[in-house]
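Go ahead and model the full structure; you've got the sequences and the hints to work with.
One-letter residues, chain by chain:
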Amino acid sequence: MSNEPPADRSIILVVEDEPLLRMFASDMVEDAGYSVVEAANATEAVSILEQRTDIRIVFTDIDMPHGIDGIKLAACIRDRWPPIDIIIVSGKPFPVSAELPDRAVFFPKPYQQVEIIAMMARMGAIPSDGSARGA
Amino acid sequence: MTRYEDSERAAALLDLQILDTDAEQAFDDIVYIAAQTCDAPIALVSLLDGERQWFKARVGLDVCETPISQSVCQLEIDEPVLLQIPDLAEDVRTTDNPLVTGPRAFRFYAGAPLVLRDGTVVGRLCVIDTEPRPNGLTRTQEDLLGALARQVSDQLELRRVARASEKLAALQEALVEVAEIVRRSSSVSVMTQEAAEVVGRVLSVDRAGFGLVDESTQTIEVEPDWTAEGVTSIAGRHRFADYGSIRDEIASGLPLVISDVDTDPRTADDPSLMRNVGIRALVNMPVREHDETVAVFIVNASMPRRWANEELAFLRSVADRLEAGVYRHRLDQHQETVNGEINHRLKNMLAMVQAIASQTLRGVVDREPIETFEKRLVALSGAHDILMQKGWIEADVGVVAEATLKPFGFADRVTVSGPKVPLGARAALSTALLFHELMTNACKYGALSVPTGGVLLEWEVLDEDDKNDLIVRWREIGGPAVTPPTRKGFGSRLIRLGLVGTGGVDVRYEPSGLQAEMRASIAHLATS
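Protein sequence lines correspond, in order, to chains A and B. My numbering puts the first residue of the first sequence at 248, with every later residue one more than the last. My numbering puts the first residue of the second sequence at -5, with every later residue one more than the last.
FYI, nobody ran anything at the bench for these hints, they're computed from the structure. Check each hint, because a few of them may be wrong.
Okay, derived cross-link-like pairs now, SDA-like style, lysine to any residue, Cα gap no bigger than 25 Å in a straight line [said to hold, decoys possible]:
1. LYS339/A x VAL332/B
2. LYS482/B x GLU511/B
3. LYS339/A x ILE364/B
4. LYS339/A x ASP349/A
5. LYS482/B x VAL444/B
6. LYS339/A x HIS338/B
7. LYS339/A x GLY403/B
8. LYS369/B x MET370/A
9. LYS400/B x GLY376/B
10. LYS339/A x ARG467/B
11. LYS319/A x ARG339/B
12. LYS400/B x ALA365/A
13. LYS319/A x ILE364/B
14. LYS400/B x GLN359/A
15. LYS339/A x LYS438/B
16. LYS369/B x ASP310/A
17. LYS319/A x VAL352/A
18. LYS369/B x PHE353/A
19. LYS438/B x ALA365/A
20. LYS339/A x MET370/A
21. LYS339/A x ASN337/B
22. LYS438/B x GLN383/B
23. LYS369/B x MET270/A
24. LYS400/B x GLY447/B
25. LYS369/B x ASP379/B
26. LYS339/A x ALA397/B
27. LYS339/A x VAL393/B
28. LYS339/A x ASP255/A
29. LYS400/B x HIS328/B
30. LYS319/A x ASP278/A
31. LYS438/B x MET366/A
32. LYS384/B x PHE353/A
See the structure below:
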């Protein structure tokens, strides 16, 4: 377990249009000891990323209304914010025609929380001292 | 001689496919016999082709055709009787003919008509002498020349029959091939392109393709077509309006058959529309549904050609088969989309259930039951993925085992083997949960909880009397000594529900490791 002070814990951006699932994902991330920022769609996510530079990982759903889906969002992040790691989840299989960007992983929904948290740790995200569990 | 009979003759000759072919022994023999019989230096099989006469066989003459204006054979051609001119230099019809006045100096002519079975006269078998014969041929010579002319006609027709039956066989073979292409095709464009190639080759045309008609937009979408080398494709969207009066033809539902765009009344006004895309002859074969033209099979030729009835019948069959194929592909595609959508919603629903459960149990300090719950949910979700691939009808037991066990890792310590056995939707879900529980237990308490242990998952179909049973055996080896659980948890109860949720499970806690045998009838599994 890391002894980093809370201020240094990694910030995860959760992008999910379904409020219940967004709440669930946020709690999962927070319970694991990370800070969470929420966005209800890709446009919101992009404007958050434009405003702050401290996002470590973006955790996004694929199917979201209003134009940009999670795959386009991931491609955009890889292009504009190269240091950010990406976790993509979806109730659909990952589309055969699409390409997974570098340093992006895919999990089908429903996912096991322990697997997502383990992936965040593998990506180098730093949880706050003592509050993480399960990872 | 009328235009009509001329065109009948031209059509018959085209149909015989004899013009400009190589010499053939049968015809050469006949002209030789004719020359000998009539004691003449020259004998010819002369076919009257519009602007020229062409010789299928000849003795004593060094040219293979002459302009029609110099033809003696064409005189009185529509009278199917022997034509004799004792002295060509004296006869008003031939006295100025260059063949008579010139160095060839023809003087005597006798020609018997070549009459086909339908009565069409296509030319003459003639003998020519450079001396006049005031008495003409003898009666016997006349009879023999007539008999030989009938032999020529028969030879011509026999060749046509042979060619026609060869052609018919080739068309039938091509149709079988098209049906096969439609059956095995994976997409509309692959299907239409492969079929177009078969059609293009068997009909020796320059372009073949299949187009879907959209009446509402007055357009036709031509799928990827087949073209002969050097011919451009017409694949893509076309407006009817760009093709003159052809629009009405397509809408009417009758096949549009044009032998020559220069002379056909529907295109003769402006044949350049067609000629610009390399078309001299064409067939558009419509497919009708509910009194509407829904599709068209198109063939184009760069030279004028007569389309035979059997070719048109063939094109109709091809067009019908392709249209049915397109319909099937669309249904499949639609079904696939619907299946994908159902699965997507189901997955989202499972994710919501997971979220609600997780939020509800947020205060619970022991996280293990929640993780167990999630794992079961994910196992169930994985079984749905497999079922979706076959439209929620069935899943193979091996595929279910593989998908359920793989996420645990341990690929090198778990051996899975057995024949293909289809499971119905319910059986697939309960079997997936069953394997999941067995595997979870093995990892926690059983053979996979120590580095040396392993699992054998095997199944077989037992054939007994009048019923077949599937027997699935789970055997753990090399693990720690096992003892029966003291408490019947949900996991062990799930296991006891068996393959179809109605039991048939024998679990034994052998000292060597857990052994479970699960049994259900094949029929029950498939329909559950």
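- Would the pair LYS482/B and VAL444/B pass a check requiring their Cα atoms to be no farther apart than 25 Å? holds (24 Å)
- With a cut-off of 25 Å on the C-alpha distance, tell me whether LYS400/B and GLY376/B pass. Status holds; Cα separation ~11 Å.
- For the pair supplied as a hint, LYS339/A and VAL332/B, confirm whether the alpha-carbon distance does not exceed 25 Å. Holds - the C-alpha atoms of VAL332/B and LYS339/A are around 12 Å apart, at most 25 Å.
- Quickly compare the C-alpha distance for LYS339/A and ASP349/A to 25 Å and report which way the hint goes. holds (21 Å)
- Given the proposed pairing of LYS369/B with ASP379/B, does the C-alpha separation stay at or below 25 Å? The hint holds at about 15 Å.
- Below or equal to 25 Å on CA atoms is what counts here, so check LYS339/A against GLY403/B. Distance ~23 Å between LYS339/A and GLY403/B Cα, so the pair holds.
- Task: Would you mind confirming whether the straight-line C-alpha gap from LYS339/A to ALA397/B stays at or under 25 Å?
- Result: holds (17 Å)
- Query: Quick one, are LYS339/A and ASN337/B close enough, alpha carbons at most 25 Å?
  - Reply: Holds, at roughly 7 Å.
- Task: Could you grab the alpha-carbon distance between LYS400/B and HIS328/B and see if it respects the 25 Å cut-off?
- Result: This hinted pair is violated, its Cα atoms lying about 31 Å apart.
- Could you grab the alpha-carbon distance between LYS339/A and ASP255/A and see if it respects the 25 Å cut-off? violated (35 Å)
- Task: Take a quick look at whether LYS438/B and MET366/A sit within 25 Å of each other, Cα to Cα.
- Result: Status holds; Cα separation ~22 Å.
- Given pair status - ALA365/A, LYS438/B, alpha carbons within 25 Å: Holds, at about 20 Å.
When each numbered hint is compared with the structure, violations occur for hints 10, 13, 15, 22, 28, 29, 30.
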